[in-house]
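Top line first, the protein sequences correspond to chains A and B. Count the first sequence with our numbering and you get residues 1 to 224, in order. Count the second sequence with our numbering and you get residues 1001 to 1376, in order.
Don't take every hint at face value.
[Stated by the list, open to error] DSSO-like mimics (lysine-lysine), calculated; alpha carbons at most 27 Å apart, straight line:
#1 A:K135 / B:K1233
#2 A:K132 / B:K1134
#3 B:K1233 / B:K1095
#4 B:K1011 / A:K136
#5 B:K1008 / A:K135
#6 B:K1095 / A:K92
#7 A:K121 / A:K92
#8 A:K136 / A:K92
#9 B:K1008 / A:K121
#10 B:K1233 / A:K132
#11 B:K1014 / B:K1134
[Stated by the list, open to error] If the Cβ cut is set under 10 Å, some of the chain A residues that face chain B in the computed set are:
#12 F90
#13 P97
#14 R215
Hints were generated in silico from the structure; no laboratory data involved. Virtual Cβ for every residue (Gly too), placed ideally from N, Cα, C.
Listed here are the chains, written in short residue letters.
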Amino acid sequence: MFEIKNVSMIYDMDSDEKMYALSDVDLSLPDHGLIGIIGPSGSGKSTLMYCLSSLKEPTEGSIIYNGEEITHLTPAQRETLRRRKFGFIFQKHYLVPYMNAFDNCVVAALPGDEGCAQRAKALMEQLGLREKEFKKRPAKLSGGQCQRVAIARSMINGPEVVFADEPTASLDHENAFNVMRVLREYADEHLVLVVTHDRSILQDADRIIEIWDGRISAVKETER
Amino acid sequence: MGHLSAWKFIKNNKKQVAVIVVALTLSVMGMYVVGSILASTRESFRPLLVDSLKYQMYLEVSAETLDKAVPGEARLYRERNRELAARLEQLPEVKRAYYSEWSQFTVHALMGMLVTEMPLLEPEDIPDYLAHMKSKLVEGRLPEKDFELVVDSAVMRNQGYRIGDKPGQGLWTIVGVSDGPYMSCVGTTAHGNNSGVGLIVLTEEGVDSAEDLFAKIGVHLTSLDRVSADARKGREMFQTEIIDEIDGALLAVLISVIALLTVSITVAYNSYMRNRINEYCLYASLGFSRMDVYRMILREIAILFGAGLLLGALLSGGIIALIDVLIMHPMGLIPVYIEPRLLCLILAAMAAVIGILQFPALLSVHRIRTIDMLED
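Next comes chain A alone, as it looks inside the complex (with noise of 0.2 Å):
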């Protein structure tokens, strides 16, 4: 699904200190799985993500998603892209603070889509979320619940690709399991790219890329 080339991130092009957030990344990824990126803080984890997910242009190389060069889109061709394709999960939930928890969820459904009011509440219980919460507003909402709208949000329009950025990250050990839960099954059929510094979430992940100042340190395939 995924075929990435020589990229490059450099940040502060014009200093005489380059400074490269990624570098010389070459990887495959499948059209479906469940596939962890680790690496410590500032390792280029979340800018691969980005990267892949046309919200940063890389500043050398080339992304090619399903057969088609997605580096240099226009704007317009990078919305589209991201609004019928990718679903995301970010590190902070950022939730309209002034909708309630369904509203929330359907916000990003796509156009015409009458189906997405059932899929929404579906996908809320299914991330264990009970229907009194579902009129909630965020600041009504733990953050685990806040999280959890996120993430039923990313997958409104099923999308062929989630990326999930530190998606357990305000969830106790519980509800972090059951979000992993249901990753773990989306990830049946699509492709879900978790990134995380928590190696304990990713045990049931298809494979693990290991990023270490910018570079794949290490590809492993697990056996599930």
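Here the structure of chain A is known, so what remains is to put chain B in place on it, guided by the hints.
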């Protein structure tokens, strides 16, 4: 679903929305009510200055003009005027012409006042005058002797008169109330206590000026002849003293309200948009374009302004009705509920405010980044 809904913000931020809608409602109401009161002043003075002068004129012909028009200096000034009046009555457009006195009466509006002419005629001429001005006696009696007045019902209400009252420092006595479209008042002679003595000409509609009328009998009025009131003069006075003054006042009110509204709405809305920048960034990250976000902002603004206009219009209607019942009707004034020009001005002013709001809106849209940039 599928597009960024403006209702969600409006539905879930009632306090913030209320601040803006209330500001808009009060501004619309302020502008419309003040404009309506000014328009009421205009419409209340129109019958006096424009409509009634289509049927009558007042002028003092100078000795020089009389010398040319009616030679014979030995005769009295009064006789020569009466002769001139008789010549005028030969014209088909002249119904009656009198050499007589006239006085003035005052009408107050909510903003401003108007002093206008009232003929002082012989008692036997008064029924003709009232009939000519389409006015009917509705209460009391017609004047029978000197120093008596018939006053239009609207003027009675306006000045708080009752039959038997003695206006003009006790000089006259009101003996009757008439009702007609031009607020016409008429009295009998006051023996020199007048504001003019000369020719009072009752005409058919269409006589534009004393100058034109006199030209038809071969008399050319000059600057020495004092035309106190005729259709052209009334129309000009209505334009300069009423419409132009009202337009100036209305413009000053509109500019003040709009300036205040623009500043307050822009500050409030800018603050709301700043607080929502993370929300906009989220939308951009999820794949909504800046244009989608901008359209959502525009829809929100449109809904808020629509609500403000609607509530402002409803509130204005209520307040004007209240002013009508409590003040205008008792004062004999004409209320103006619907003033298309004022509505257009307010809509244009609102459009201008919406236009100004585009600056903070576009600035907010320009500030939109994707969430990766916020997290970097």
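Here's how the hints hold up against the structure:
Taking the CA atoms of K135 (chain A) and K1233 (chain B), the gap is about 71 Å. The hint is violated against a cut of 27 Å. The suggested pairing of K132 (chain A) with K1134 (chain B) is violated, with an alpha-carbon distance near 75 Å, which exceeds 27 Å. Restraint check for K1233 (chain B) and K1095 (chain B): the C-alpha separation of about 20 Å stays at or below 27 Å, so the hint holds. Restraint check: the Cα-Cα separation between K1011 (chain B) and K136 (chain A) comes to about 14 Å, which is no more than 27 Å; the hinted pair holds.
Proposed proximity of K1008 (chain B) and K135 (chain A) is supported: the alpha carbons are some 13 Å apart, at most 27 Å. Note on K1095 (chain B) and K92 (chain A): the hinted pairing is violated, with a Cα-Cα distance of about 91 Å set against a maximum of 27 Å. Note on K121 (chain A) and K92 (chain A): the hinted pairing holds, with a Cα-Cα distance of about 22 Å set against a maximum of 27 Å. For a cut-off of 27 Å, the pair hint linking K136 (chain A) to K92 (chain A) stands: about 18 Å separates their Cα positions.
Between K1008 (chain B) and K121 (chain A) the CA atoms are separated by roughly 18 Å; this keeps the pair inside 27 Å, and the hint holds. Proximity of K1233 (chain B) to K132 (chain A) is assessed by CA-CA distance (about 77 Å); at most 27 Å being required, the pair is judged violated. Distance restraint check for K1014 (chain B) and K1134 (chain B): the Cα-Cα separation of roughly 57 Å exceeds the 27 Å cut-off, and the hinted pair is therefore not satisfied. Against a cut-off of 10 Å between C-beta atoms, the interface hint on F90 (chain A) holds, since the closest Cβ of chain B lies about 5 Å away.
Taken as an interface hint, P97 (chain A) checks out: its beta carbon lies about 8 Å from the nearest beta carbon of chain B, inside 10 Å. Violation of the interface hint for R215 (chain A) is found here, the shortest Cβ-Cβ separation to chain B being roughly 20 Å, above the 10 Å cut-off.
Checked against the numbered hints listed earlier, the structure breaks hints 1, 2, 6, 10, 11 and 14; every other hint is satisfied.
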